[in-house]
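Enquirer: Chains as they are written, first to last, in my numbering: chain V, 2 to 477; chain P, 45 to 672; chain C, 1229 to 1371.
Keep in mind that the hints were calculated from the coordinates and are not lab data.
Watch out, some of these pointers could steer you wrong.
Mimicking DMTMM-like on lysine to aspartate or glutamate, the simulated pairs with C-alpha atoms at most 25 Å apart in a straight line are [said to hold, decoys possible]:
#	chain 1	residue 1	chain 2	residue 2
1	C	Lys-1357	V	Asp-32
2	V	Lys-191	V	Asp-69
3	C	Lys-1357	V	Glu-103
Beyond 12 Å from chain V on every Cβ pair, some chain C residues (computed) [what the hints assert, rightly or not]:
#	residue
4	Ile-1248
5	Tyr-1261
6	Leu-1288
7	Gly-1317
8	Gly-1334
9	Ile-1359
10	Lys-1370
Beta-carbon label-pair distances, calculated as ranges [as the list claims (entries may be wrong)]:
#	chain 1	residue 1	chain 2	residue 2	range
11	V	Phe-178	C	Phe-1310	39 to 49 Å
12	C	Gly-1322	V	Leu-384	38 to 48 Å
13	P	Glu-116	V	Leu-448	27 to 37 Å
14	P	Glu-116	V	Leu-52	33 to 43 Å
15	C	Thr-1272	V	Tyr-419	51 to 61 Å
Glycine residues also receive a C-beta, built at the ideal position from the N, C-alpha and C atoms.
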Amino acid sequence: MSSEDFRSLLPLLILAAASILLLVVIAVRRDHRLVYYLTVAALAAALAASLIPVEYSPRTASPLLVIDGFSLFYSALLNAAGLIVVVLSYTYLRPLREQMEEYYVLILLAVLGSVILAASRHFASFFLGLELLSVSLYTLVGYMVRSRDRSMEAGLKYLILAAAAAAFLLFGMALVFYEAGQLGFSGIGKYLAEAEALSLLIITGFGLIIIGIGFKLALAPFHMWAADVYEGAPAPVSALVATVSKGGVVAVLLRFYSEVDGYQFPVLALLFSIFAAASMLGGNLLALLQDNVKRILGYSSIAHLGYLIVAFLSGGAMAAGAATFYLVAYFITILVAFGVVAHLSSGEQEAEKLEDYRSLFWRRPGTAVVFTAALLSLAGIPLTAGFIGKFYIAAAGAQEGLWVLLFILAASSVIGLYYYLRIIMAMFASAKDPAQRIAPLFSGVGLLLVILTVALVWLGVFPQAMLDMINEWVAG
Amino acid sequence: MLENLWLIPAIPFAGFFILAVLGRRLPRVAAAWIGTGSIGLSALLAILVGIRYLSAPPEGYAFRQTLWQWIEVAGFSPSISFYLDSLSLVFILIITVVGFFIHLYSIEFMEADEGLKRFFAYMNLFVGAMLTLVLADSLVLMYLGWEGVGLGSYLLIGFWYQEPANGYAARKAFVMTRVGDTAMALGLFLLFTSFGTLDISTITAAAPQQWRPGDQLAVWAALLLLGGALGKSAQLPLQTWLPDAMAGPTPVSALIHAATMVTAGVYLIARMHAVFELAPSVMALVAIIGAATLLLAGFSALTQSDIKRVLAYSTISQIGYMFLALGLGAWSAAVFHFFTHAFFKALLFLGAGAVILAMHHEHDMFKMGGLWKKMPVTFWTFLAGSGALAALPLITAGFYSKDQILWYAWAGERGNSWLWAAGMLGALITAAYTARMVILTFFGDMKQEPDKRPGVLIKIPLIVLAVLSIIGGFVEMPHNMAAVHLFSDWLGTALPAIHVEESLQASEFLLQLAAAATVFAGLFIGYWFYLRRPELAASAHRSFAGLHRFWFQGWGFDWLYERLFIRPFTWLAAVNRADVTDYIYTALAKGNESLYHIFSRTQTGQLRWYAFGIGVGALIIITLIAMS
Amino acid sequence: MEEDMIQNEIYWPLVAYAGIVLLVIGAIVVLSYLLGERHDDKATGEVFESGILPTGSARLQFSSHFYLIAMFFVIFDLETAFIVAWAIGYEEAGWPGFIGALIFVGILLVVLVYEWSTGALDYGPQGQKIIKALQKRRKQQKI
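The following block holds chain V by itself, in its conformation from the complex:
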């Protein structure tokens, strides 16, 4: 292992070392603020390290990991999302009666797992990263043991279902290994390219791997856990589930598929098409009359991952770029949305009912405007990041002639508009007693939300810089 290998692996090393260091710090002295600052520093350092070593990539750092523009871009994205979640968590956790310090260790480990996924080129690192991510998330989802009942319930559900899905994944890997005799992605790709006739087993193996991935991405019909987990988990953790956990899996899916050229199997494309269609329709329909904002966001994440799969399916030159851009837009948007939920939650009580948001605009105009921007972006209204993302997907899909899926995308977006507008309407409904206007609290979280909202609009108005960056780093 040369020093350059070492440097290119720096994002991973920083995260790993920081989580060990945090354990030592906690062992010596429990201090919420100190742990928080250390976590922020670690994630910021990992973010910076992901952006710096681009000159000497791509680099296969070991048989397991590859550090190239793609994995560095995803690493930066995941670290940034983790950073934002940590900042959101700090003020959210303070009034609670939990032991908060381990929470940050777990977030670091979840991000680490996700970054490993983004850099993996081997079934071993794939599974390792996935499990590191999942195990951290089980605990994080159920973290509010003392404050809330549903947190524990959600954690347990997630644990059992994810374990089941992981079993399918592992079995799929075993089947592929049985046929191909390879665990590395490129080795499998080579085997597939050279093999004359492919047995049913290897395709079944791929199918079972798709179950594992579909579960993580909450694609229908593996989506049913999503709403319960989003609802039960603390709001910042819901944000983490929606961003970091999905981002890493999307990255590994993109890389795996392009390395083994999964597009050569029409049956897998059919499977993904079915899942995408079911997710888009199912997610949006399930959210239609839902009264719980966290559940709405959960269902909407099902639909959004369905959209993303359309981009992924297009398979053309634009697939990776479109999917990645969509992911970036979705990250920013959903972080704002859950940030608002976390921001409005106070101690024991989460602001999750639609009623909690009624006439919010008259009480906290700034927060309401920020949330409105996020919801409009989720709905894909022009001049928001969400619109550009959707447009890019439509362009990629149209190029490959995925008309049925695009039609479903358009139709389900209209359904989606309904429930986003329901929240917005509730926020702008006139207050019954106008006296209770709360003076806007200027806080770090507020500032963060404003910055993210600006980024969201900025991406909607001037998306070209981000598109160029993605094309250079990811697709190039």
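Start from chain V and add chains P and C according to the hints.
Expert: This is chains P and C only, laid out in the frame that chain V set:
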């Protein structure tokens, strides 16, 4: 300097936002001056840009400024760009300079009105939208500006909304122009399907290659665009909204319904001349519509008693001249007439506004009279404007522009004697109703004492515009008088020149004499009937009462449309009270709701059920793979 | 066509096996239903165990500490297995292997310290806590 182009529309928009957001907190005077100052600043910039453009013309005589490129995905790259060539430069100069003086005038005119801040906010919005319209580089942005000026016009016609009639007039204007706008939107779709872009310069460059003259598609595109132009410019058959639009404050009539917005149709056709030239039949139609409109509106103007309605019909008539010129292919002549018309018609409206203000909002000319001694500045400037409207030979701007149109109607490659005759008859009527208007308002017996003298803020715009109405025409002279072709040379960089039949060159002087004689004849008719022998006018009025009423009501178009469209439509609406088509959408919504309820059943919250879901998914996958 | 035939030949025993399984299960269920005795007396639904009626729930709550200890044992046991595996290949792994093992042991150490300090390793009754609780109670009683 050219880089500051974007500021020209941006400043009025900024003024609008300031007034809209901070309006309540600003003192009235400040609001008025912000509204006026923004246009003034914009005018100053426009002049500077114009000087820079003329002194050092940009490459190809066109300057493009891309403000914002949105995305570039799969060959789709929408952007917002402004395009400055001599055509748009003429328009922005007129819009900002005339607009500035009208704003200045409004400060005094609207002084006592409680909606003053709202007024200036709307006016700034309108000017911003109008500038966007003329500077737009693509038809999409132009359409945006097009709808923006429609909105501004709607808001300002219905400015005094407490009066239901004003609201009705605003609605009428909006709906009538929407009819045209819809046609225009269809035209844009057609152009987009043909060229794959709505970029104006790309279309004008590609059209001659892609279409042969007289091509079906070219004819349709030109026809649909013409529909939009007819609506906005109040030409036959969509002209009926403009007389009613006089319900707005008089400065609004001067700015929107005389100088700027109503000429947007002229601008559109001139801008898209490449498409129109490929559709000769549509060009002929434009000329015929122009000729018919100018006559129809002229006759109606002869019978009106409301001074603003006279001016409204006169505006329709003068735009008819511009359309006539467009139809002849005399692009620069049309724009030249727009140029002079903007000065003198704005002046006439402002003068009329000063009179109306002095007479306690009295609009009826028959209740005025003898005002020339009491309001000298208003009178003399009004006289200058009237001279230009009547095209008084040699000394007024209107003469030069109108004469050019008449000349091309006779001698142009597409001209013919019928169009020329219509133009001449129109000139006669114009002179007659102009004389009638001036005489009824300023001469004869005084019927009511004016009690309010116009102040300095009203006088300055009147004087400036009067001067411009006189000298504005000297930039372009008939060939046989002087070799001054500044205007057509200037526009020649953007618009093709018109060819003149060589054999007819000699007759130019004769035609000018005929035109001059017609003007004097018209003036004499006005003088004879309304000053010398008023009883003649009264008896003519009696003996032709039916015709008078017919003309007075604008040739019965309102009556016709009422029966042809409005009543069937309201009848249909009444029949369809339950809204049958809505059932489909209600059913769709209900269907989605019941799907929600069905799907929600699956979210039991039970772990075993969720695990079952995963199992079913696995089963689907394995079945599908096994079947393949 | 031929491939299909081959595939059919390969799969038919599987299909036959599945069919037999279904048949047997179905037979058991149906036969027991048909042949089984049916009566509904007073004590039919009762749980019977050595003639004594059960009292209370069978679901007792054990202190979670026991699970924790068990888990620690499994985890450290597995880690030992790793180290043993490394020790066997000590020669082949060389310096990189040594450094890797060092990091691994270091992490183990940190985790041990962490567990110790958070009290995860204290099991059984905790004397100090009991004494504190007693003192508190006494104070309350005095007041």
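Enquirer: Work down the list of hints and note, for each, if the structure agrees.
Expert: Okay, the hints, checked on the actual structure:
This hinted pair checks out: Lys-1357/C and Asp-32/V have alpha carbons roughly 23 Å apart, not beyond 25 Å. The suggested pairing of Lys-191/V with Asp-69/V holds, with an alpha-carbon distance near 20 Å, which does not exceed 25 Å. Distance hint between Lys-1357/C and Glu-103/V is fulfilled; the C-alpha atoms sit about 24 Å from each other, no more than 25 Å. Annotated as non-interface, Ile-1248/C keeps its C-beta farther than 12 Å from every C-beta of chain V; the closest such distance is 23 Å.
Non-interface call for Tyr-1261/C relative to chain V: holds, since the shortest CB-CB distance, roughly 32 Å, exceeds 12 Å. For Leu-1288/C, the condition that its CB be more than 12 Å from all CB atoms of chain V holds, with the nearest at approximately 20 Å. Here Gly-1317/C stays apart from chain V, with its beta-carbon at least about 17 Å from theirs, past the 12 Å limit. A cut-off of 12 Å between C-beta atoms contradicts the statement that Gly-1334/C is not in contact with chain V; the least separation is 8 Å.
A cut-off of 12 Å between C-beta atoms confirms that Ile-1359/C is not in contact with chain V; the least separation is 23 Å. Against chain V, the non-interface label of Lys-1370/C holds: every CB pair exceeds 12 Å, the least being about 29 Å. A beta carbon spacing of about 22 Å between Phe-178/V and Phe-1310/C contradicts the range 39 to 49 Å that was offered as a hint. In this structure the supplied range 38 to 48 Å is violated for Gly-1322/C paired with Leu-384/V, their Cβ-Cβ distance being about 59 Å.
With their beta carbons about 32 Å apart, Glu-116/P and Leu-448/V fall inside the hinted range of 27 to 37 Å. For the hinted restraint 33 to 43 Å between Glu-116/P and Leu-52/V, the CB-CB distance of approximately 24 Å leaves it violated. Between Thr-1272/C and Tyr-419/V the Cβ separation comes to about 55 Å, which falls inside the hinted range of 51 to 61 Å.
In this structure, the earlier hints numbered 8, 11, 12 and 14 are contradicted, and the remaining ones agree with it.
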